[in-house]
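J.: Residue numbers (my numbering), protein chains in the order written: chain S, 1 to 335; chain F, 1 to 335.
It should be emphasised that the hints constitute simulated quantities derived from the structure, not laboratory data. Please note: incorrect hints may appear among the correct ones.
One copy or any two copies: either way a pair holds, since identical chains are not told apart in the list.
Unchecked claim - BS3-like cross-link-like pairs, simulated, lysine-lysine; straight-line CA separation at most 25 Å: (1) Lys15 x Lys4; (2) Lys302 x Lys257; (3) Lys7 x Lys69; (4) Lys28 x Lys294; (5) Lys179 x Lys294.
Chain by chain, the residues:
2 protein chains.
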Amino acid sequence: MNRKIGKQTYELENKPVIIASGAFVGGKEAVGPFSNYFENIAVSDMMGEKTFEKAERRFFESALSSTLKDSNLHSSDLDYMVGGDILNQLVSANYTARDFQIPFVGVYGACSTMAESLAISAGLISSGIGSMVACLTGSHFSSAERQYRNPLEFGNQRPTYSQWTATGAGCCILSRSGKGPVISKIAFGKVTDYGVVDIANMGAAMAPAAYETLKSFFEDTKTGPDDYDLIATGDLGKLGSDVLRDLLQRDKIVLGKNYMDCGHSLFREEQKTFQGGSGAGCSAIVFSTYIMNKLKSKVFNKVLLVATGALMSTITNQQGDSIPCVAHLVEIDNV
Amino acid sequence: MNRKIGKQTYELENKPVIIASGAFVGGKEAVGPFSNYFENIAVSDMMGEKTFEKAERRFFESALSSTLKDSNLHSSDLDYMVGGDILNQLVSANYTARDFQIPFVGVYGACSTMAESLAISAGLISSGIGSMVACLTGSHFSSAERQYRNPLEFGNQRPTYSQWTATGAGCCILSRSGKGPVISKIAFGKVTDYGVVDIANMGAAMAPAAYETLKSFFEDTKTGPDDYDLIATGDLGKLGSDVLRDLLQRDKIVLGKNYMDCGHSLFREEQKTFQGGSGAGCSAIVFSTYIMNKLKSKVFNKVLLVATGALMSTITNQQGDSIPCVAHLVEIDNV
Numbered sequence: 001m002n003r004k005i006g007k008q009t010y011e012l013e014n015k016p017v018i019i020a021s022g023a024f025v026g027g028k029e030a031v032g033p034f035s036n037y038f039e040n041i042a043v044s045d046m047m048g049e050k051t052f053e054k055a056e057r058r059f060f061e062s063a064l065s066s067t068l069k070d071s072n073l074h075s076s077d078l079d080y081m082v083g084g085d086i087l088n089q090l091v092s093a094n095y096t097a098r099d100f101q102i103p104f105v106g107v108y109g110a111c112s113t114m115a116e117s118l119a120i121s122a123g124l125i126s127s128g129i130g131s132m133v134a135c136l137t138g139s140h141f142s143s144a145e146r147q148y149r150n151p152l153e154f155g156n157q158r159p160t161y162s163q164w165t166a167t168g169a170g171c172c173i174l175s176r177s178g179k180g181p182v183i184s185k186i187a188f189g190k191v192t193d194y195g196v197v198d199i200a201n202m203g204a205a206m207a208p209a210a211y212e213t214l215k216s217f218f219e220d221t222k223t224g225p226d227d228y229d230l231i232a233t234g235d236l237g238k239l240g241s242d243v244l245r246d247l248l249q250r251d252k253i254v255l256g257k258n259y260m261d262c263g264h265s266l267f268r269e270e271q272k273t274f275q276g277g278s279g280a281g282c283s284a285i286v287f288s289t290y291i292m293n294k295l296k297s298k299v300f301n302k303v304l305l306v307a308t309g310a311l312m313s314t315i316t317n318q319q320g321d322s323i324p325c326v327a328h329l330v331e332i333d334n335v
Numbered sequence: 001m002n003r004k005i006g007k008q009t010y011e012l013e014n015k016p017v018i019i020a021s022g023a024f025v026g027g028k029e030a031v032g033p034f035s036n037y038f039e040n041i042a043v044s045d046m047m048g049e050k051t052f053e054k055a056e057r058r059f060f061e062s063a064l065s066s067t068l069k070d071s072n073l074h075s076s077d078l079d080y081m082v083g084g085d086i087l088n089q090l091v092s093a094n095y096t097a098r099d100f101q102i103p104f105v106g107v108y109g110a111c112s113t114m115a116e117s118l119a120i121s122a123g124l125i126s127s128g129i130g131s132m133v134a135c136l137t138g139s140h141f142s143s144a145e146r147q148y149r150n151p152l153e154f155g156n157q158r159p160t161y162s163q164w165t166a167t168g169a170g171c172c173i174l175s176r177s178g179k180g181p182v183i184s185k186i187a188f189g190k191v192t193d194y195g196v197v198d199i200a201n202m203g204a205a206m207a208p209a210a211y212e213t214l215k216s217f218f219e220d221t222k223t224g225p226d227d228y229d230l231i232a233t234g235d236l237g238k239l240g241s242d243v244l245r246d247l248l249q250r251d252k253i254v255l256g257k258n259y260m261d262c263g264h265s266l267f268r269e270e271q272k273t274f275q276g277g278s279g280a281g282c283s284a285i286v287f288s289t290y291i292m293n294k295l296k297s298k299v300f301n302k303v304l305l306v307a308t309g310a311l312m313s314t315i316t317n318q319q320g321d322s323i324p325c326v327a328h329l330v331e332i333d334n335v
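Full structure from sequences and hints, please.
T.: So this is what it looks like as structure tokens:
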């Protein structure tokens with residue numbers, strides 16, 4: 001039986017193994033700091049399709065196909081797939097699930113969707129609900145821009161505190177047995193809203209959610225930042241990461257060199273994304289490649305993935321609501 | 001440990017108990033065939049708000065509040081909440097989770113969201129992840145019309161094969177112990193698409209998903225329709241229910257008098273909803289009131305809830321895609 005620790009954290013008894021992971025990324029992502037870790041790169045971000053939305057779907061399909069293929073697995077080996085995306089009604093994940101004919105559990109946590117998918121799958125697998133499950137999520141810069149902000153053709157200027165939605169999809173295969181890093185703890189986050197209303201400033205909106213989840217996790221587990229080889233937030237960007245450091249510091253919790261934000265790290269400064277990457281694909285592709293690589297090579301043995309998501313819609317924003325955010329946490333260890 | 005039966009079904013070892021349930025419904029729903037079962041009715045579908053979207057959120061808050069209050073529970077008793085809705089980015093559920101400060105797991109299965117939430121929560125609770133969890137979902141006719149079809153002010157005519165999005169929210173509280181009907185089996189559905197492209201014809205689009213899930217469940221469990229006191233689909237409407245009966249009949253599976261569709265049953269014919277109710281609120285309010293009432297009074301002792309969802313978006317529809325659908329199944333028993 002799994003066990004609750006403290007207020008919000010669950011320790012898994014039968015720890016699911018991440019037996020495989022991979023990503024399929026866009027051209028801009030491929031030449032960023034993680035270029036050595038991305039093996040599957042799109043020739044064009046349009047993926048041979050006529051619309052950005054259909055292109056995004058191809059990233060999902062390619063991430064799942066290539067991850068399965070690299071591990072000599074077939075889609076029929078999967079009991080179900082857990083995933084979602086930031087397009088309205090999660091259409092990228094939905095249509096991919098249709099094409100692969102795997103039972104499908106659609107989830108939505110905005111940019112936290114990979115961490116949420118890993119947490120749900122890990123919880124279900126640990127209890128015998130499924131023995132092999134795929135977690136799949138991603139995003140596309142161009143489809144996200146036109147859904148959440150402006151169509152690219154409009155040519156608007158982006159504020160310097162904004163981020164750049166990552167183009168790519170990441171996939172993790174969880175199994176009840178096998179070799180690889182394991183998911184040992186999970187924590188679902190509370191929806192946190194400090195009153196930010198500017199939808200271009202996702203970092204400032206989301207940092208409080210990461211703060212609340214991390215603080216509660218450290219309390220629940222009686223640990224601190226130094227107990228982990230890596231603490232990775234999802235896509236706070238540079239500004240959001242600074243806000244998070246500041247919020248934690250007020251509680252005398254100091255994030256050191258073992259802290260990174262997947263969004264802040266995804267692009268080089270000269271790539272002009274301002275605060276860094278974002279989107280459901282951001283932490284998904286960084287976790288499924290770079291972080292998993294370092295876990296498998298035992299450079300990291302104890303990792304916290306704390307992915308944040310901004311849960312507003314364009315409608316709630318237009319109606320004057322502030323931005324509610326969430327951060328889900330997964331601890332991944334080598335045992 | 002929970003156990004997989006056949007291809008897609010899981011039998012829960014520690015069966016979660018539905019210790020409480022309730023709904024908060026709109027005026028039109030309140031005068032339909034289930035009028036005797038709805039205790040909490042909105043004075044106005046605007047709920048004192050200025051927009052339909054904010055009104056929808058109030059239904060969610062009221063459903064959760066009244067369900068907790070009726071059972072002498074507090075939101076602090078809940079380990080987390082699982083839910084979603086059919087507005088873009090699930091804003092009704094997100095903002096409700098913010099206001100109640102419960103850890104939140106956002107899920108999306110369109111109109112199948114209540115069944116999906118029950119299945120996920122049941123799976124997690126049965127393994128010790130949480131001891132008390134709320135499942136909350138709903139919909140609002142007016143917000144759904146303007147997001148998916150036309151603004152009400154446009155005054156368009158609805159085709160006779162269309163359905164009417166239910167206004168209301170339903171809530172179920174699951175617990176690891178206590179008195180009440182239990183969730184004994186769950187099955188996540190495959191995304192099924194027989195090629196329907198008309199988004200006014202949800203029943204025809206979704207019926208094949210219900211067919212696939214029910215057929216596979218009967219095979220997995222070696223049971224048939226007669227083994228249950230009630231088989232309830234979510235919101236196929238009259239037309240969709242007829243399609244489902246027809247599809248199953250081809251496999252010599254005959255749905256008898258113990259079959260009902262929550263959507264078809266939600267309104268009277270003179271209420272001019274044509275094929276009946278729909279929306280994430282439809283099966284949620286019918287299950288949380290009428291079906292739970294009959295389970296608690298032992299009129300029903302073995303019930304299948306098979307809620308379907310259409311997983312397209314307006315964008316995929318405009319881009320010529322057909323409508324992928326899913327049906328999640330939950331078996332609820334008196335033990």
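J.: For which of the previously enumerated hints does the structure constitute a violation, in increasing order of number?
T.: Violated hints: none at all, because every hint is consistent with the structure.
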